[in-house]
Amino acid sequence: MADRNADTVEMILPGRPEFLLLARLATSGVGLRAELTVDDIEDLKVAVSEACTNVINHAFGDDIKPADRKIQVRMTPGKGEMTVEIEDEGAGFDPKELQRSKRDGLDGKGGLGFGLMKELTDSFRVESAPGSGTRVIMVKRATR
Amino acid sequence: MRIQTEEAGECRAICRISGELDAYTAPDLRDALDKLVDEGSSWIIADLTELTYLDSTGLGILVGTAKRCRQAGGDLAVACARTNLLKIFQISGTQEILNVLPDVEAATARLEELNEARSAESGEEGT
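Chain order of the listed sequences is W and S.
Taking our numbering, the leading residue of the first sequence gets 1, the next gets one more, and so forth.
Taking our numbering, the leading residue of the second sequence gets 1, the next gets one more, and so forth.
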C-alpha cells in the first residue's frame, strides 16, 4: 500500500459504470492539489477510469450480489506527483494473463485498458491472484 | 454524452458525439452506430470534435463499427483534433485504421478518396 498523507482521499464506489464519472472528477480535484498539469490530469483520468472499468467488467462473478460489488479508490497527492490505488475484492487473476491480453489487443479482456494505464502513467503495478482480488497502483508525476 | 446522427444519402452518415464517452455512455453510441449501419449507411463519419473524454470502451465501439462498415463495402473516418483524445488513438495504434483526421471536412475527403480508390479497383462507379 502506498504511503497515505493528510490529503489522501479514499472512496468506496459502487462497481457500476455510472460511477466512473465520479472517479474521474475526484482525479481532477486531487490532481490539482498534487500540482499536476491539465494534460497530466487528463492522462490520469483515463488511467483511473480504465482501472475502474476493468473492475466492473471482470472482477465480479454472478455469485456476487450487486450491493457487494465495490471499488476502493485511494488517491494521494504528493509534491508534484499523485498516487492512485484501485482495489477490489473480486475474482482476481494471474498477472501473467496480462501478456496474453496485450497480444489480444482490443478484443482482450482488459488488455487495451491495461496498455493505456501503463502508457499514461509514470509507474504502474498490478497485484492480483485468482480468488484474491486485484490492486492496481499508479503514479503520475507532473510534467514541467 | 449527446449523440446526433444524420443520414446524408448514398450510404453516407455522420454521427456527432459530444461530452464524455465511457463504459456508462458507450452503449448509447453502440446502438446509434449499429442503427446507422443496419439501415444501410456504410460510409460513416464519427465527429468527435466536441467530445471531451474517450477511453478503450469507446475505441472498441469505433473499431467495431469500422469493421462493419468495411464488411458492407464502406468505411469509417473520425474527426478529432483534441490533444488528449488523439493521444488515446496514438497509444492504441488506431489512428490509421480509424482514419483519424482533424475535422469533418478532412474526414469527408478521406472517405471520398477511399470510395474512389475502391471503385477504381472494382471498375465500378462509387456509391
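In short, the hints are calculated from the structure, not lab data.
Beta carbons are placed, not taken as given, at the ideal position from N, Cα and C, and that holds for glycine.
Please note that a few of the clues may not be correct.
[Stated by the list, open to error] With the C-beta cut set under 7 angstroms, the calculated list includes, among others, these residues of chain W facing chain S:
no.	residue
1	Asp3
2	Asn5
3	Ala6
4	Asp7
5	Pro17
6	Leu20
7	Leu22
8	Val46
9	Glu119
10	Asp122
11	Ser123
[Said to hold, decoys possible] In silico DSS-like cross-links for lysine-lysine, where the CA-CA straight-line distance does not exceed 30 angstroms:
no.	chain 1	residue 1	chain 2	residue 2
12	W	Lys118	W	Lys70
13	W	Lys79	S	Lys67
14	S	Lys87	W	Lys96
15	W	Lys65	W	Lys96
16	S	Lys35	S	Lys87
17	W	Lys96	W	Lys118
18	S	Lys35	W	Lys118
19	W	Lys70	W	Lys96
20	W	Lys79	W	Lys118
21	S	Lys87	W	Lys118
22	S	Lys67	S	Lys87
23	S	Lys67	S	Lys35
[To be verified] Where chain W lies over chain S, by a calculated footprint (3+ residues, C-beta under 8 angstroms):
no.	segment
24	18-32
25	104-117
Each hint, compared with the structure:
Proximity of Asp3 of chain W to chain S is violated relative to the hint, the smallest CB-CB distance being about 28 angstroms (cut-off 7 angstroms). Contact between Asn5 of chain W and chain S, as hinted, is not supported at the beta carbon level, the nearest pair being about 28 angstroms apart and thus beyond 7 angstroms. The beta carbon of Ala6 of chain W comes no nearer than 30 angstroms to any beta carbon in chain S, farther than 7 angstroms, and the hint placing it at the interface is violated. Hint status for Asp7 of chain W: violated, given a least beta-carbon distance of 25 angstroms to chain S, over 7 angstroms.
The closest approach between the C-beta of Pro17 of chain W and any C-beta of chain S is roughly 4 angstroms, which is under the 7 angstroms cut-off, so the hint is satisfied. Because the beta carbon of Leu20 of chain W sits about 5 angstroms from the nearest beta carbon in chain S, less than 7 angstroms, this interface hint is met. Checking Leu22 of chain W against chain S by beta carbon gives a least distance of about 11 angstroms; that is not within 7 angstroms, so the hint is violated. At a threshold of 7 angstroms, the smallest CB-CB gap from Val46 of chain W to chain S is about 5 angstroms, leaving the interface hint in force.
This hint holds: Glu119 of chain W has a C-beta 5 angstroms from the nearest C-beta of chain S, less than the 7 angstroms allowed. For Asp122 of chain W, the interface hint is violated, since its Cβ never comes within 7 angstroms of a Cβ in chain S; the closest pair sits about 15 angstroms apart. With a cut of 7 angstroms, the hint placing Ser123 of chain W at the interface with chain S is violated, because the nearest CB-to-CB distance is about 17 angstroms. About 23 angstroms separates the Cα atoms of Lys118 of chain W and Lys70 of chain W, which keeps this hinted pair within 30 angstroms; it holds.
The hinted pair formed by Lys79 of chain W and Lys67 of chain S fails the criterion: a straight-line CA distance of about 45 angstroms is larger than 30 angstroms. With a CA separation close to 27 angstroms, the supplied pair Lys87 of chain S and Lys96 of chain W stays within the 30 angstroms bound. At roughly 28 angstroms between alpha-carbon atoms, Lys65 of chain W and Lys96 of chain W fall within 30 angstroms of each other, so this suggested pair holds. Proposed proximity of Lys35 of chain S and Lys87 of chain S is supported: the alpha carbons are some 29 angstroms apart, at most 30 angstroms.
In summary, the hint linking Lys96 of chain W to Lys118 of chain W is supported, as the alpha carbons are separated by about 15 angstroms, within the 30 angstroms threshold. About 35 angstroms separates the Cα atoms of Lys35 of chain S and Lys118 of chain W, which puts this hinted pair outside 30 angstroms; it is violated. For the hint pairing Lys70 of chain W with Lys96 of chain W, the CA-to-CA distance comes to about 24 angstroms; that is within 30 angstroms, so the pair holds. A C-alpha spacing of about 21 angstroms is found between Lys79 of chain W and Lys118 of chain W, which places the hinted pair at or below 30 angstroms, so the restraint holds.
About 13 angstroms separates the Cα atoms of Lys87 of chain S and Lys118 of chain W, which keeps this hinted pair within 30 angstroms; it holds. Taken as a hint, the Lys67 of chain S and Lys87 of chain S pair is honoured in the structure, with Cα atoms around 22 angstroms apart against an allowance of 30 angstroms. For the suggested pair Lys67 of chain S and Lys35 of chain S, the alpha carbons sit about 15 angstroms apart, so the restraint of at most 30 angstroms is met. Under the rule that three or more residues need a Cβ within less than 8 angstroms of chain W, the assignment of the segment 18-32 of chain S holds, with 4 such residues.
By the rule of at least three residues with a Cβ nearer than 8 angstroms to a Cβ of chain W, the coverage given for the segment 104-117 of chain S is violated, with 0 such residues.
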